[in-house]
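Visitor: Listed below, chain by chain, are the residues.
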Amino acid sequence: MSLTLEQVQRIAHLARIEVSADEAQVTQGHLNGIFQLIEAMQAVDTRGVEPMAHAQDVSQRLRPDEVSETDRRAAFQAVAPETEAGLYLVPKVIE
Amino acid sequence: MIEKSLKELAQALAGKRISSLELTDLYLERIARLNPDINAFITVDPEKSRAAARAADARLAAGQGGPLTGIPVAQKDIFCAEGWLTTCGSKMLGNFVSPYDATVIRKLEQEAGLVSLGKTNMDEFAMGSSNETSYFGPVKNPWDRSRVPGGSSGGSAAAVAARLAPVATGTDTGGSIRQPAALCNLTGLKPTYGVVSRYGMIAFASSLDQGGPMARSAEDCALLLNAMAGFDAQDSTSLDRPAEDYAADLEKPLDGLRLGLPKEFFGEGCDPAVMAAVRAAIAEYEKLGAKTVEVSLPNSHLSVPAYYVIAPAEASSNLSRFDGVRYGYRAPDYGSLDDMYCKTRAQGFGAEVKRRILIGAYVLSHGYYDAYYLQAQRIRRLIADDFAAAFKHCDVILGPTSPSPAFKLGERAADPVQMYLSDIYTIAVNLAGLPGMSIPCGFAAGLPVGLQLIGDYFAEGRLLNVAHRYQQATEWHRRAPEGLA
Numbered sequence: 001m002s003l004t005l006e007q008v009q010r011i012a013h014l015a016r017i018e019v020s021a022d023e024a025q026v027t028q029g030h031l032n033g034i035f036q037l038i039e040a041m042q043a044v045d046t047r048g049v050e051p052m053a054h055a056q057d058v059s060q061r062l063r064p065d066e067v068s069e070t071d072r073r074a075a076f077q078a079v080a081p082e083t084e085a086g087l088y089l090v091p092k093v094i095e
Numbered sequence: 096m097i098e099k100s101l102k103e104l105a106q107a108l109a110g111k112r113i114s115s116l117e118l119t120d121l122y123l124e125r126i127a128r129l130n131p132d133i134n135a136f137i138t139v140d141p142e143k144s145r146a147a148a149r150a151a152d153a154r155l156a157a158g159q160g161g162p163l164t165g166i167p168v169a170q171k172d173i174f175c176a177e178g179w180l181t182t183c184g185s186k187m188l189g190n191f192v193s194p195y196d197a198t199v200i201r202k203l204e205q206e207a208g209l210v211s212l213g214k215t216n217m218d219e220f221a222m223g224s225s226n227e228t229s230y231f232g233p234v235k236n237p238w239d240r241s242r243v244p245g246g247s248s249g250g251s252a253a254a255v256a257a258r259l260a261p262v263a264t265g266t267d268t269g270g271s272i273r274q275p276a277a278l279c280n281l282t283g284l285k286p287t288y289g290v291v292s293r294y295g296m297i298a299f300a301s302s303l304d305q306g307g308p309m310a311r312s313a314e315d316c317a318l319l320l321n322a323m324a325g326f327d328a329q330d331s332t333s334l335d336r337p338a339e340d341y342a343a344d345l346e347k348p349l350d351g352l353r354l355g356l357p358k359e360f361f362g363e364g365c366d367p368a369v370m371a372a373v374r375a376a377i378a379e380y381e382k383l384g385a386k387t388v389e390v391s392l393p394n395s396h397l398s399v400p401a402y403y404v405i406a407p408a409e410a411s412s413n414l415s416r417f418d419g420v421r422y423g424y425r426a427p428d429y430g431s432l433d434d435m436y437c438k439t440r441a442q443g444f445g446a447e448v449k450r451r452i453l454i455g456a457y458v459l460s461h462g463y464y465d466a467y468y469l470q471a472q473r474i475r476r477l478i479a480d481d482f483a484a485a486f487k488h489c490d491v492i493l494g495p496t497s498p499s500p501a502f503k504l505g506e507r508a509a510d511p512v513q514m515y516l517s518d519i520y521t522i523a524v525n526l527a528g529l530p531g532m533s534i535p536c537g538f539a540a541g542l543p544v545g546l547q548l549i550g551d552y553f554a555e556g557r558l559l560n561v562a563h564r565y566q567q568a569t570e571w572h573r574r575a576p577e578g579l580a
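Protein sequence lines correspond, in order, to chains A and X.
Just so we're aligned, residue 1 is where the first sequence starts under my numbering, counting upward by one.
Just so we're aligned, residue 96 is where the second sequence starts under my numbering, counting upward by one.
Worth flagging that the hints you see were computed from the coordinates, not collected in a lab.
Keep in mind that a hint or two might mislead.
Said to hold, decoys possible - Below 27 Å or equal to it, Euclidean Cα-Cα: the simulated DSSO-like pairs (lysine-lysine) are:
| # | chain 1 | residue 1 | chain 2 | residue 2 |
| --- | --- | --- | --- | --- |
| 1 | A | K92 | X | K438 |
| 2 | X | K186 | A | K92 |
| 3 | X | K438 | X | K382 |
| 4 | X | K202 | X | K143 |
| 5 | X | K143 | X | K111 |
| 6 | X | K186 | X | K111 |
Here the structure is a predicted model, which is why all the values come from computation and not from measurement.
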């Protein structure tokens, strides 16, 4: 398979990464090279094989529903690009 | 002092022949002098390191030290360390001073009393095999400064190889501890998935990522792993097992050890000089009492393709958190919220990281999920089953770590696929979640060659034993690069 320029732009938007027309062309070449490598998988008959999502066959651990963390909002917001009154600021989304 | 083992350093500290502050200053002086050329560290903060050294000296004086208290360590910049710039090799986190400690950092600094010398350079978000994808410039291999140190833990490898630190932390998602260890003449261990906590270790591919030690010997790796490993309730995939002394079995004789040689690792595609060094190591093991047995990993050729579906898929999800809202980089000019995301991520991520996010977004997207992601997970199962079958006939699997010694800077940077093939022998181990090591086993045209040892689940102690006995019989791991006095 190979990706079209349009598909490259579509997945770039899905991933929220702006890609210029020039970049899209270079990226298309690289991605298609990588997909060619990945293609080797397609020839393998894996019917009946259970997909392996994880290295260890364990189930998710649960913990008691108790407060375990202290309030560190100030420390965490100190590294944010823009905050005001304890809130993260982003461009207006609702007019 | 810079050639001493961790045990010897601990004895010198305990015997008051040197203080932690003196030892720390010795390394800080070397870093100040040699790092501008090698570029192994992204951040050093001498005052912070010296304060930690003074605290370690006080702890030792009070008789409250542990086996590694006061010993300096270099930390891969993937581990969040409170008050330290923690960049993960990316412009995206170029201004991120972590407000908290990773569990590995907390255990090493606060529990064991090691002294962090700084944060080491790495491929951006650990995506790379040469350290050339770092936003902070490539690292040079101390053995030949026109060559790469390997990646992604290339800064940690170069730091220990150049004697800018006695030991370092690394992480390994597809070979990122073992391959740079091989290329820099070091001993590196990737533990069984779940042995070392991932809390505060910036995530690349969560089902594969695992932290581990990088050092000049197996004994040093065992001691550092003792301080790094252990159950952590803050990592949902941490394994709750009894604590283990990884140094306990180092001296065990190797009589009767069954070494499995996968025929797929001894075929074409490996540099003949690398293969010659690996064969010589096998002969040495036979002298030490080991027997060899041919085994097969018939699906190993599928490990690179399966990995380049699974790892990017997980990465595309993990890296969605970098949106310019809560931390890290935000584009200076933007319109809407969507535009802010798109520009922030376009400017904050480098080319290799973007490629992997795009692959991941594609293979997870509607209509392609079954053909790519599920198929890769099924192949992952076949690969894990191959190892299980092989371990019925042998105790440890052995082969080359990397198909070639260190390559030239720039040589493979333009072709992602060529770069991916550097990890052809290491990736299957991550997919299966097994422990793996690389140890020095010779030289090819003056460049170090690594021998890979793969163990069954939780066989770290056995691997370290097998590595240690070899290192007692050989001198390869003691060799140091020239011109770095």
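Visitor: Please go over all the hints and tell whether each is borne out by the structure.
Guide: We went through each hint and held it up to the structure:
1. A:K92 to X:K438: Holds, at roughly 16 Å.
2. X:K186 to A:K92: Holds, at roughly 26 Å.
3. X:K438 to X:K382: violated, 60 Å
4. X:K202 to X:K143: This hinted pair holds, its Cα atoms lying about 17 Å apart.
5. X:K143 to X:K111: Between K143 of chain X and K111 of chain X the Cα gap is close to 22 Å, so the pair holds against 27 Å.
6. X:K186 to X:K111: Given pair K186 of chain X, K111 of chain X is violated - Cα atoms ~43 Å apart, limit 27 Å.
Comparing the model with each numbered hint stated earlier shows that hints 3, 6 do not hold.
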